[in-house]
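A.B. asks: Each chain is listed here by its residues.
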Amino acid sequence: MPEEYKIEKGEVHEKFWERTVREAFKNDPFRIVIELIKNAADSYTRLEKRGTTKPRFEIIVKFHCRKKNPPSIEVLDNAEGMDSIKLKEALKYGTQTSMGEDTEAITSAEKGIGLKDAMMALEDNWLTTINNGLLNERNKHLNFDTGIGRENVAVTDEERRKLGIAGNGTLVSGNLPDYFHERKFATICDRLIHHFLLRKLLQNAKFKVFGVDSDTNEKVLLQHVTPKVERLLLDETFDVDYNRKKYKIHLQVNKSVDALPQGKPFGESGLLFFYGDYSVVDFTLCHFERDIAYSKCFGEVKMEIETIIRDPTEAPLVDEKRRGLDPEHPFNRRLFEEINHRLKEIGEKEEASKYSFDESTKKEILRELNKIYKEIKGTGLREPPIRPVTFAFYPVYISMKEYERKIVSLIINSSIVSEDFEIFLESTNVDIIIKRPKSIKIEEKPTEDFVIKQIELYSEKVGARGEIVASRFPYHLDTERMGVEVVENPIFSPANGFAFVPDKTTIVDGGEKKVDLCIDKLVIDETRKIELVSSDLINSPGEWLLPEKEQDLQKHMLKNVVKVEIPIRVKGTNHIGEKGNVKASYGERGSNLNVTVVSEPSISGLFRDLRFSGKKTERICEFLREEAILEVYYKHPLVKKYMVKNFNNRLDFQTFMADTLTREVLRAFVTTAVEESSSRFPIFNMDHPEAEIEDHIVHEYYTNGPKMHEMFMQLARTLKLGEE
Amino acid sequence: MTGDSMKDEDVIRQSVEYNGDYEPLDKDRLVLFAVNYLESKKIEPTFDKIVAAAFKLFPKKFSLIGFPEYPDGHTIYYCVYNHCTLDKKWLFGNVQSAFKVTERGKYFLDETRKMLEGKIVSTRTHLTNPRRKETTFISILKKTNAYKKHMQGDEALIDESDLLEALRVPSNSKGLIQANLTKYLEYARRINESSVIKFLEFAGKRLGGENNA
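Those protein sequence lines, which keep their order, are chains A and B.
Numbering of the first sequence is given in this note's numbering, commencing with residue 27 and proceeding in unit increments.
Numbering of the second sequence is given in this note's numbering, commencing with residue 40 and proceeding in unit increments.
Quick caveat, the hints were computed from the structure, so don't treat them as lab data.
Glycine residues also receive a C-beta, built at the ideal position from the N, C-alpha and C atoms.
Certain hints may be false.
[Stated by the list, open to error] Derived CB-CB ranges, DEER-like:
1. T744/A / D198/B: 50 to 58 Å
2. Q191/B / S625/A: 30 to 38 Å
3. V160/B / R431/A: 27 to 35 Å
4. I179/B / L664/A: 53 to 61 Å
So here's chain A without its partners, still in its complex pose:
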């Protein structure tokens, strides 16, 4: 250890240091080491900017670790070194000096933690520096006095070897203070690697920072590895207006594959605020700090703020206790506002996928909704395929399956619609039933040129033939006819009395569906077990049990068969085009279902998606017409109220969801149909249709509500958290 020959009095009272720097170091003692490393790095950078040296720049941080006491430390660089004049400036408070990685930055030494602060935090500290062959030794006392050892002494080769400084350079040594609690070399290195203040420097290829265990001579290159990126969420450059100037900010936000630890100083989830190449000033997610929803967000904010840093009249951007950017500084306030706004948008998008419905159930429901909408609107065919002078059936002849309803259209030319216009519908065969409507009334003159009315037919009599006759009354003898034949429904004649109907099917890649297994009642005996075996590609239940009691079995009976719906599922994804099968056997009878995996058809219609969103709105649920998306906002207080433990299995949650979604969907149906001039929803007062629209919605709620409730209850049960 050098010898102290004289003392230079300090410039400020030690209370100042107590109040500011020591506080900062106590909160985060690694900053002492980091300040010394950064000081060495800055010295290299200044040399590089002057063009006198090129990378790579080595900084050696030696630790002598002891079990019961804090480690001692030596930080060595081979950078510019300091002569006695520069040394005096560097260790003095209140003067202006060039500092940091920016050689043009002349700023008050009071503004940042620097070399002298780090030295003061070290017990028995000494700084030895060589510049142009002259050696200087200094130390800092806790009362700000500067101790002076050798001054401008010519350095010998032996001394150089001992110090490890071949040309110019600096060595700072001392004992870390009591509040530095780490004792193990490996832990200290790990902490330094993860410390946010050192992160940019360790990522910088120009610098090599080595940790050395002085006891074992183990040498570790300190390197920071960025978390694995799942995807880039945002990469944007924007300006922050401050004092009539614009400052460029480059913001990059990534989403990591795994959730990251949060918070300073060792967290990974957050934004690294820095300027220059490696001068980190903060690590925070602003308003969203420690918000679990952002635990996969990380990135950096590069600030082109050198002019603010250089301005000696400007208040420091970093707060007095060096915790990070001062939130009260007007520049920081604006910067945080801009970033909060962007993080909020990211959060909303990300949180939309935080909860998810079961995909196949959701798609099934979306398709069903679009089908119901077509039916409700009354114009399944928006553009009539034919334009009759009066009215005509479309198509003019149909084959329908027994026990299955069939929809046909009657297209009416609006020009023939007058007061009391009515068309009566009649079937010439009693076995062919017109389910609805029995007659068609149009009371108001339609706005479209043609009105399409849907007619639902049904028959249970295979082989029945007949006509549906549409007659226009009163005072007209116009009649139109359509032919109907009822054909056999293949579900009633399963091959060998036990078969999948149909015996081949397609299934969406990664999806699931139900297939019909039909059993003729004549082949059902005491056995109740149906065995199922599927190929590797397909997942199906291993067996299916028919109801034990005869009366329960009757409930599944349709005409002469028992129809069982067997769920099947594709194992995993990426099987498009592959084929599989499911074999069912009942006693000695068997049936084979061939399954082909196909790509998913796109959903078209009024609703294309349904999602649980994290947006904060005053609404519980909203149909976004332009995007064709139905959103439910789980941050709404009423939704939150129902989202308690195991919410998706709770009847109150399911009912609440079902009712909310049903009402919103029906509102969307009616308002959209009215806008599309559907004749299904006549509006008397076109200037103020709101009340009438509400009436239509209520009406639809009573007619279509129960069916939708059931669908949405089913959907609510599939809501799950965390699978994105």
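Assemble the complex: chain A is given as a structure, and chain B must be docked to it using the hints.
C.D. replies: Just chain B, lined up with the frame of chain A:
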């Protein structure tokens, strides 16, 4: 027997083109109508008679491209057997057994009559020309950027590569320009595509001018 057959053929020969706008209708319906026409004349609808009758009644729909005086038996075969019989089941029968309008077919025949009389208008448009090489390639040409820009009046935006693409000339085989242009013009004239003819004339001028330059 021979005399009866001759009589049928004479009846068909004497048939005249349907007096009405039949071009918007699809060919299957017109074939159905022709079969019923034969039945109504007590002529057995054998395949050859259907071909002759369909052509006599609706020559604009059933003639060969470039040969309006000859019937397009190939197209009529597809309509009568593949479509009307196998798919739509408007007819019953086959080429060996002759054809017959089914119960189902009667409803569509009735609808077809109404369409021919203008009581019902079909909103779908149907091709008049059969799908042959000429229609196929002119149809592809109509989908090219150069043709679309030409139709929008954006001729200034059409560059040489657009035109070469439209004429299916690889950029390293510019010697094909004249040959392809001639062939396309021939096809367009044969199927009476006046807008395509104009486009090809424009393409000829533009490419010819550039070549000379």
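A.B. asks: Measuring from beta carbon to beta carbon, are V160/B and R431/A in 27 to 35 Å?
C.D. replies: 30 Å, holds
A.B. asks: With respect to the beta-carbon atoms only, verify the hint that Q191/B and S625/A lie 30 to 38 Å apart.
C.D. replies: 35 Å, holds
A.B. asks: Does the Cβ pair I179/B, L664/A satisfy 53 to 61 Å?
C.D. replies: 58 Å, holds
A.B. asks: How does the Cβ-Cβ distance of T744/A and D198/B compare with 50 to 58 Å: does it lie in that range?
C.D. replies: 54 Å, holds
When the structure is compared with the earlier hints, no violation turns up for any of them.
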